[in-house]
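2 protein chains.
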Amino acid sequence: MNPIAVNNYLVSLQNRIVAELERVDGRAFYRDPWIRSEGGGGESRIVEDGAVFERGGVNFSKVSGQQLPPSASASRPELAGRAFEAMGVSLVLHPRNPFAPTVHMNIRFLIATKGQSEPIWWFGGGMDLTPYYGFEEDARHFHSTCRDALEPFGADRYPRYKRWCDEYFFIRHRGEPRGIGGIFFDDLNEPGFESCFDLVRSVGDHFLPAYLPILERRRILPYGEGERDFQAYRRGRYVEFNLVYDRGTLFGLQSGGRTESILMSLPPLVKWRYDWKPDPSSEEARLYREFLRPRDWLAD
Amino acid sequence: MNPIAVNNYLVSLQNRIVAELERVDGRAFYRDPWIRSEGGGGESRIVEDGAVFERGGVNFSKVSGQQLPPSASASRPELAGRAFEAMGVSLVLHPRNPFAPTVHMNIRFLIATKGQSEPIWWFGGGMDLTPYYGFEEDARHFHSTCRDALEPFGADRYPRYKRWCDEYFFIRHRGEPRGIGGIFFDDLNEPGFESCFDLVRSVGDHFLPAYLPILERRRILPYGEGERDFQAYRRGRYVEFNLVYDRGTLFGLQSGGRTESILMSLPPLVKWRYDWKPDPSSEEARLYREFLRPRDWLAD
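If you read the protein sequences in the order shown, they are chains G and R. When we follow the working numbering, the leftmost residue of the first sequence carries the number 702, and every step to the right adds one. When we follow the working numbering, the leftmost residue of the second sequence carries the number 702, and every step to the right adds one.
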């Protein structure tokens, strides 16, 4: 178990991703380092009002605390209350163009300690895509890149982590998935540290290949006020999921995390409208019908 | 204990309030009755894109269920899991003019039952104001009307419920109150049903006198894009509070409530911006400094 190696990988991943996103946008991300009085700190790399990204951030953080919040490990509540160290990279990008999807990626490493007992460690993470307009080509590309990332670790990983993602990013009060999914995993600590770390690195390294080709295709499409309006409306669902259900967000807010860094995931401009439904023959209705439901994107 | 009398009062209160708000706005509220397959239903009265109200709703609902969610009664978790009946009126109004404050009012009546045991009932409710620009006159008027509503029930009620409101409507991750407060109470069942019902009626009847004079004064003030922008930014705090902390919202979403009626509290247009701070000499900074902190608004 080597937390320093994980730390170094996460920092270099953040740097690589930001450098590439800055190239795409043309605008330098704002660098906001912070420290936390209770221990730890991080660096947020933020973009707002860019040419491509309306708002987004790529955050690195490393925090420790005396009490692991219950939201930190879903399946092992017995760990709650232990002292912990948590480090991770978390990113959310909200492009301005409504044809370009919002994307989220996260990799985290946690260590829970208790007196002289052996520390318990685990990884979690994943990436998922939230389109406002559906393109099958994009969904297939994103999912096949996720599958490629996990392929070396066994053929069952992608289907398992894909299903986990569908279950996790589900807005229960809407009966709707947040987007078209991707992969999600938590509590990963088998068969051993090196193997888990390899898997997590593969996920991190596959983020840019999964997202950039989609962004490059869609960011240049012409759009109008109607599409912007639907994007703002659908972004409301993103807010609802993140504030009501997302364990990463709740973990951050509960553990006294840095609010602005955590809430960089929220979109720049959002609309709510009462009981709105798209015209059944519209592209907006097609998004709900064909994309916002669990699907096997890699079936032939 | 007389649930039918409470039901009738709530429906007539909804009608009175909507009639008066329609007069102010000039636009008829949209009437949306709904039923719930598990039992109960309600009627949402919704306004969007009105002359005065950009979005708002005055909802009546009456639902029953087999399992009272834990969020329903904060101080008596032993009631969780009982069967329940809940009825209430809940309103949120988001005026378009940034000088006119957002307002919230709620009155609820709950009955928890368990086999042959005596049913346990209680009232909860309150009202609170969320300005975007601070006016001492408005804060004093709102709070003095709240005090008037509670005065007949003992001089200690207003200070207790005022403090409860300050504690309840607090956004912990921001270290900020949601607005300038008002009154809040829960678990009210003493000294007896009639007395509690009188108190609750007095709160309901004081809503229009508390809010309308403020609305009438502020809705006519000229404003520009800067004020609209700050309003949209501050509305983000309203969303954060309601989705992360508000027990009424969580109770509704957890108990399989009607999502669109519950989330009518969310503002029509909201902005998030990274780590934004107002110019220290601005009116926006004065809101934080002088209004967004617990204050005794009725001190001489």
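Think of the hints as simulated: they come from the structure by calculation, not from any bench. Take these hints with a grain of salt, some might be off.
To be verified - Only pairs whose alpha carbons sit at most 27 Å apart, straight line, appear in this in silico BS3-like list of lysine-lysine:
#1 Lys978/G with Lys972/R
#2 Lys815/R with Lys978/G
#3 Lys763/G with Lys763/R
Said to hold, decoys possible - Simulated restraints on C-beta separations:
#4 Ile736/R with Glu838/G: 36 to 44 Å
#5 Trp865/G with Ile736/R: 33 to 41 Å
#6 Trp735/G with Ser765/R: 42 to 50 Å
#7 Gly816/G with Asp930/R: 48 to 56 Å
#8 Trp735/G with Ser983/R: 53 to 61 Å
#9 Asp930/R with Ala752/G: 29 to 37 Å
#10 Trp865/G with Asp888/R: 48 to 56 Å
#11 Pro820/G with Gly925/R: 31 to 39 Å
#12 Ala729/G with Ala784/R: 55 to 63 Å
#13 Ala856/R with Gln817/G: 56 to 64 Å
#14 Ala856/R with Gly957/G: 54 to 62 Å
For each residue, glycine too, the CB sits at the ideal point set by N, CA and C.
So which of the earlier hints does this model not fit? Structure breaks hints 2, 3, 8, 9, 10, 11, 14.
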